[in-house]
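Chains A and B, in that order, are what the protein sequence lines are.
End of the first sequence = 511 in our numbering, gap-free, step of one.
End of the second sequence = 511 in our numbering, gap-free, step of one.
Hints are computed from structural coordinates only; laboratory data are not their basis.
Where hints are given, some of them may not hold.
As the list claims (entries may be wrong) - Listed next, the stretches of chain A that the computed footprint assigns to chain B, with coverage defined by at least 3 CB atoms under 8 Å from CB atoms of chain B:
1. 317-329
2. 363-375
3. 399-407
Claimed, not checked - If you want the ones that stay clear, here's a sample from chain B, every Cβ over 10 Å from chain A, calculated:
4. 308
5. 327
6. 346
7. 397
8. 399
9. 430
10. 432
11. 439
12. 449
13. 465
14. 468
15. 474
16. 480
17. 482
18. 495
19. 502
Given the structure is predicted, the values throughout are model-derived calculations rather than measurements.
We put the beta carbon where it would ideally sit given N, CA and C, even for glycine.
2 protein chains.
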Amino acid sequence: MDKRIKVLEVKATILAENNEKAIELRDELNTKRVSYMNLMSSPGSGKTTFLCALLNLLKDKIKIGVMEADIDAVVDAETIEKVTGCKAIQLHTGGACHLDADMSRDGLNAINSDNLDLVILENVGNLICPAEFDTGAQINVMILSITEGDDKPLKYPLMFKESDVVVFSKIDALPVFDFNIDLAKSHIKKLNGKALVFPVSAKTGEGMDAIAEYILNRVKEIKTNK
Amino acid sequence: MDKRIKVLEVKATILAENNEKAIELRDELNTKRVSYMNLMSSPGSGKTTFLCALLNLLKDKIKIGVMEADIDAVVDAETIEKVTGCKAIQLHTGGACHLDADMSRDGLNAINSDNLDLVILENVGNLICPAEFDTGAQINVMILSITEGDDKPLKYPLMFKESDVVVFSKIDALPVFDFNIDLAKSHIKKLNGKALVFPVSAKTGEGMDAIAEYILNRVKEIKTNK
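One chain only, chain A, in its complex shape (with noise of 0.2 Å):
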């Protein structure tokens, strides 16, 4: 049992350590008024194609890069210029679970943030990891899709706790899943009172709207220092 004390005391000093940095990164980007969306999900969950419908509703409006993280692959950052037309940089973590402040920090310098009013990390398909390290983002977003199930929030609280935004996507497959809305708001209520919930499809656009309202006024709000 040593071991795995030894094992949770190593990991309480990354996360610490990484929290430092993470608030320092968060207080340069609200100075320079540059906005950091970190986007999080399971494997699969359609995290690009609904950035891909997102950017296109926002990206005549403001100037947007996309940090695509990934254990390996380049296919999302491709996909993401190919549809968009918006600059997309791939990170790979090497293997790593999720990306940290340090991660952020360097594809924030790669993808040159300073120019640029929102940049959106897709961060590495994974409930877990990605929750426990603060990215530095001002915003955070998940994705439930709702071919996962409505019990979600119970097994991986952590990540419905730490995000602001929660969004239930392929809601237009919602006929042939046993997927109940008022129950997994209900789950999500009880672990965080103040995220807000936005069922789209990004397939047929149904919901699309009103999240990229949500996420323009959360960069003009940054704008502005409010």
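Starting from the known structure of chain A, arrange chain B on it as the hints suggest.
The following block gives chain B in isolation, referenced to the frame of chain A:
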């Protein structure tokens, strides 16, 4: 950058120690002729539903116990016992995103595995970390829900490399999702030429007999020490 290297070194040591313990545990299980199956997937891919359907096909033929690993909650163990009547225990990982060999050993002792033919571990919903930590299981099965997309092997290659079997779940929903079974199979084949693929729907029962027969044969092989 120093700290990141330190983190990677700590992780390498942890992984090496875990590997040794996993090999030891697997040897012991082989000697005792007890089968241990590790079931992995993303959150919400349908592990518990798949498991209930599988258990109902196997429970009259062999003695089975189930270990449900979760960060929190006890819903899965309760569901398994209610739906299948099989003995199920809940393992809480205390925030950890995977199960390791030590936690497996604790669980196998708690469920009294010496009196069983097969113990199935439902690992934490995560496509990354569980692939890195050998649990000591002889049979590694992963589920890819067709709602997650056919590109997942490109993004989470280690999970597909480490699995003996890939189950494509929720195939009853194929008509409403763009999932190309042949493309997904060809991605998997490039990573792991030996992996067997079983497309199933736990909802309609399609494909469940084939995977149940495969598991039964593996358990018989371990029983007869082939």
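With d taken as the least Cβ-Cβ distance between residue 449(B) and chain A, does d exceed 10 Å?
-> holds, 20 Å
Non-interface claim for residue 480(B): all C-beta distances to chain A beyond 10 Å?
-> holds, 18 Å
May I ask you to check that residue 308(B) keeps its beta-carbon over 10 Å from the closest beta-carbon of chain A?
-> It holds; residue 308(B) is separated from chain A by about 17 Å at its closest Cβ, greater than 10 Å.
10 Å Cβ clearance of residue 495(B) from chain A | holds, 23 Å
Against chain A, does residue 397(B) keep a CB gap of more than 10 Å to every residue?
-> holds, 21 Å
Should the label of residue 474(B) as a non-interface residue stand, given a Cβ cut-off of 10 Å to chain A?
-> Nearest chain A Cβ is 17 Å from residue 474(B), so the label holds.
Residue 502(B): least C-beta distance to chain A exceeds 10 Å?
-> holds, 30 Å
Closest CB-CB distance from residue 327(B) to chain A, is it above 10 Å?
-> violated, 5 Å
Minimum Cβ separation between residue 399(B) and chain A greater than 10 Å?
-> Consistent with the label, residue 399(B) stays out of reach of chain A, its closest Cβ about 23 Å off (over 10 Å).
Status of residue 439(B), Cβ more than 10 Å from any chain A Cβ | violated, 5 Å
Find the nearest Cβ of chain A to the Cβ of residue 432(B) and say whether that gap is larger than 10 Å.
-> violated, 4 Å
Examine the region 363-375 of chain A: at least three residues should have C-beta closer than 8 Å to a C-beta of chain B.
-> violated (count 0)
Of the numbered hints stated above, those contradicted by the structure are hints 2, 3, 5, 9, 10, 11, listed in ascending order.
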